[in-house]
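Number of protein chains: 2
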Amino acid sequence: MPTHEQLITELGHRGRRAARALAESTAARRNEALREAAGWIRRREAEILAANQADLTAAETQGLDEAMIDRLRLDPDRIDSIADGLEAIAELPDPLERVLADWTRPNGLRIQRVSVPLGVIGVIYESRPNVTADAAGLCIKAGNAVILRGGSEAVNSNRALHEALSDGLVRAGLDGNSAQLLPTQERAAVGALLRAHASLDMVVPRGGKSLVQRVQNEARVPVLAHLDGNNHLYVHASADPAMSRDVVVNAKLRRPGICGALETLLIDRAWLDHAPALLDALIERGCELRGDGAIQALNAAVRPASEQDWDTEYLAPILSIRVVEDGAAALDHIRRHGSGHTDGLLAEDREAAAGFLKRLDSAIAVHNTSTQFADGGEFGFGAEIGIATGRLHARGPVGVEQLTTFQYRVLGAGQTRP
Amino acid sequence: MPTHEQLITELGHRGRRAARALAESTAARRNEALREAAGWIRRREAEILAANQADLTAAETQGLDEAMIDRLRLDPDRIDSIADGLEAIAELPDPLERVLADWTRPNGLRIQRVSVPLGVIGVIYESRPNVTADAAGLCIKAGNAVILRGGSEAVNSNRALHEALSDGLVRAGLDGNSAQLLPTQERAAVGALLRAHASLDMVVPRGGKSLVQRVQNEARVPVLAHLDGNNHLYVHASADPAMSRDVVVNAKLRRPGICGALETLLIDRAWLDHAPALLDALIERGCELRGDGAIQALNAAVRPASEQDWDTEYLAPILSIRVVEDGAAALDHIRRHGSGHTDGLLAEDREAAAGFLKRLDSAIAVHNTSTQFADGGEFGFGAEIGIATGRLHARGPVGVEQLTTFQYRVLGAGQTRP
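Heads up: the protein sequence lines correspond to chains U and G, in order.
Take the first sequence: its letter number 66 is residue 839 in the numbering used here, and every next letter is one higher.
Take the second sequence: its letter number 295 is residue 1068 in the numbering used here, and every next letter is one higher.
Quick caveat, the hints were computed from the structure, so don't treat them as lab data.
A hint or two may mislead.
For chains that are exact copies, the list does not tell them apart, and a pair is met inside one copy or across any two.
What the hints assert, rightly or not - As a list, the in silico EDC-like pairs of lysine to aspartate or glutamate whose alpha-carbon atoms are at most 20 Å apart:
no.: 1; residue 1: K1131; residue 2: D1099
no.: 2; residue 1: K1131; residue 2: E1174
no.: 3; residue 1: K1131; residue 2: D875
no.: 4; residue 1: K982; residue 2: E1086
no.: 5; residue 1: K982; residue 2: D838
no.: 6; residue 1: K982; residue 2: E899
no.: 7; residue 1: K1131; residue 2: E797
no.: 8; residue 1: K1131; residue 2: D867
no.: 9; residue 1: K1131; residue 2: E870
no.: 10; residue 1: K982; residue 2: D1148
no.: 11; residue 1: K982; residue 2: D1084
no.: 12; residue 1: K1131; residue 2: E1121
no.: 13; residue 1: K982; residue 2: E1157
no.: 14; residue 1: K982; residue 2: D1001
Bear in mind the structure is a predicted one, so any value in this text is a computation, not a measurement.
With the rest of the complex left out, here is chain U:
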């Protein structure tokens, strides 16, 4: 039996070779491979569903909760949409060999900054089996090899999806190791993967906070991570009341469980006259409100907010609301309690809005629109592997462009450095 380190080293070698071949492949071949993979996933529907049924049976035996079982469950529609997803990635523009900058120095040297693949990317995820195909598709589109490690509750589903996908990739002439699935569910193997400098260029954890934190703590390779989305909107004195109501309702309630959902509303004292109608609109739609004294005074249904509420990402139809004296106080609250994901304001005063956005230290700063637009698809990126809340390399939605790096090309005619 090889050790975990030996296993990861071997996977890493194969990944490197595949990454090299991918970097030299044409966009047409990579796109063809994604379409072939989609085709094989459709063709293997029965096998994938049977594998998924085995996971579901095990999950029920183990007493997993309903939400988790729903995330795990595949059906013909879901398999179809996994295949659709790969075909949609194939349609995206090629993110490689884009000239990002191009200039000529006084000595005649021409310097170009050109997008190139990142290399080998690890993706560690939890129960949704669709990530197996989505993550592989995005990585391969950007010329990267990927090493996948899904949740143990989805082991059979992931294996079946991975086999179908790999058959498609090979059929289109790509290296069969372009997308590798970690062949063991042992946690120690994940630890070895996270330490594998030489094998991995980046790791992307996709899942709940405990997974992300574990990856961040253990990783010795760079991590592109998504932590909290404790998102804020500030309602400026100049905010349009009807627009504010629609945007806040959408930001909180459209899908309260996504990372772009609004969690805390900060209302300028000068706008307080308009607040009762907004509170009513939220309560009518089933939102629980937790407010400071001034907000509680407006509506008997508002429960008191504790200090802890300001730090909580509810991911549920609950909204904490606080009255602030001005934009500076709103920024101060966001700095103390925010997570740097998506924050913004509602304001008709464009100058005040520009100043506020500039002072917000968030990956995504929104003005007069819903925080729920914090999404790669909504940004026009086509598909995303997640939202990055760190500050380096990529911030916000991570699509195929963010899965590339760049190379400088220095083109001369014999120049030497004096």
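The hints should help you fit chain G onto chain U, whose structure is shown.
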């Protein structure tokens, strides 16, 4: 006595506050601060030289080697050029609030990607005291606070430079904690700094390989690191003999000790007729040559190259030379032995050159020019904090632009997500 962790937390809090003030400062004020800092460094020349003398005396007592003492030494010219450096940084264009991308979605949402400061940057460096001012200047120009930790052999020089610099920053109205110097030389304090997620957004080690590796191993914050520059040039069959001679001589011998220096030359067998003149040119200029059998056969002065030579960054007037059958063999050698810093080729055949550059997995790929151009100044970046050899965030020269990150600004007119 506070623990190292408490000390770092306190420095981190101060750094955060300073970073916030810097992010909200105008470019004019930051530039004024850099000029004031330069002025105070010039005015305090006598004190800085006295402090440097104390370091030099201690270094001699401890028997430090001549090269190290030279790196440590300041004189009026060197102090002048430190101040010049800060003034030159002040003249660079503002790297902040640049609109890097700007597009409008079908729903009318306008999305901008705008450059913003990274936050708080740690810089850990060795004996050259000028880094105290250079690193602080680059970080502040880009709106970042910096926490500096210089080598213990330069402790007095660094403190004197830092005091003068800080006085200048405060005089221009910046927060006095914009550039903090770690107040202890204990290694454990550096360890605490490297683990300080909450206090530091990035750490930049500047120094020898052992420093960089220690930082990479210990850091829990992202590292922008420079490892080896084991750089290659491939002489293609179509290479111009005179240009190749001039470029190779320059790449190896202009300054053999810099990270962009050429270390291994790969000669296409079809070009071997031109090789003797090239070998003569190198030997004449005092370069030691280590070659494979075919190269040894051309000149009796060529010593045999061992396997280890191909992996060695000499940083000295020594060049290893190997004959390869074609471009693919050259790429194969570079992949096995290169460090991904700066590699390239000499070729008149432009199509062959473009294919070769594209297949090179190096931060900087050069064609018909010297590897010694791998430098922020030569790229037109004005000044650099180092050359990054990692793949994420920044690759190649790290100037003020690379010390920024970005924010998405999403500008709406009340759009909600369906």
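These are the hints, each one checked on the structure:
With identical chains, the CA atoms of K1131 and D1099 are at most 20 Å apart within one copy only, with a shortest distance of 16 Å there and 53 Å across copies. Within a single copy, K1131 and E1174 get their C-alpha atoms only as close as 25 Å, which misses the 20 Å cut-off; across copies the closest is 18 Å, which meets it. In this assembly of identical chains, K1131 and D875 lie within 20 Å of each other by CA distance solely across copies; the values are 16 Å between and 28 Å within a copy. Within a single copy, K982 and E1086 get their C-alpha atoms as close as 11 Å, which meets the 20 Å cut-off; across copies the closest is 43 Å, which misses it.
Taking the closest pair of Cα atoms, K982 and D838 come within 20 Å of each other only inside a single copy of the chain (18 Å); across copies the shortest separation is 51 Å, beyond that limit. In this homomeric assembly, K982 and E899 come within 20 Å of each other (Cα to Cα) only inside a single copy, at 11 Å, whereas the closest approach across copies is 38 Å. Only between protomers do K1131 and E797 lie at most 20 Å apart by alpha-carbon distance; the minimum there is 8 Å, versus 41 Å within a single protomer. In this assembly of identical chains, the alpha carbons of K1131 and D867 lie at most 20 Å apart only when taken from different copies (15 Å versus 32 Å within one copy).
When the C-alpha separation of K1131 and E870 is checked against a cutoff of 20 Å, the pair qualifies only between copies, where the shortest distance is 9 Å, while the shortest distance within a copy is 32 Å. In this assembly of identical chains, K982 and D1148 lie within 20 Å of each other by CA distance solely inside one copy; the values are 19 Å within and 41 Å between copies. Taking the shortest Cα distances, K982 and D1084 sit within 20 Å of each other inside one copy (14 Å), while across copies they are farther apart (42 Å). For a Cα distance limit of 20 Å, the shortest separation of K1131 from E1121 inside one copy, 16 Å, qualifies, whereas the shortest one across copies, 49 Å, does not.
With identical chains, the CA atoms of K982 and E1157 are at most 20 Å apart within one copy only, with a shortest distance of 19 Å there and 37 Å across copies. For a Cα distance limit of 20 Å, the shortest separation of K982 from D1001 inside one copy, 8 Å, qualifies, whereas the shortest one across copies, 36 Å, does not.
Checked against the numbered hints given earlier, the structure satisfies every one of them.
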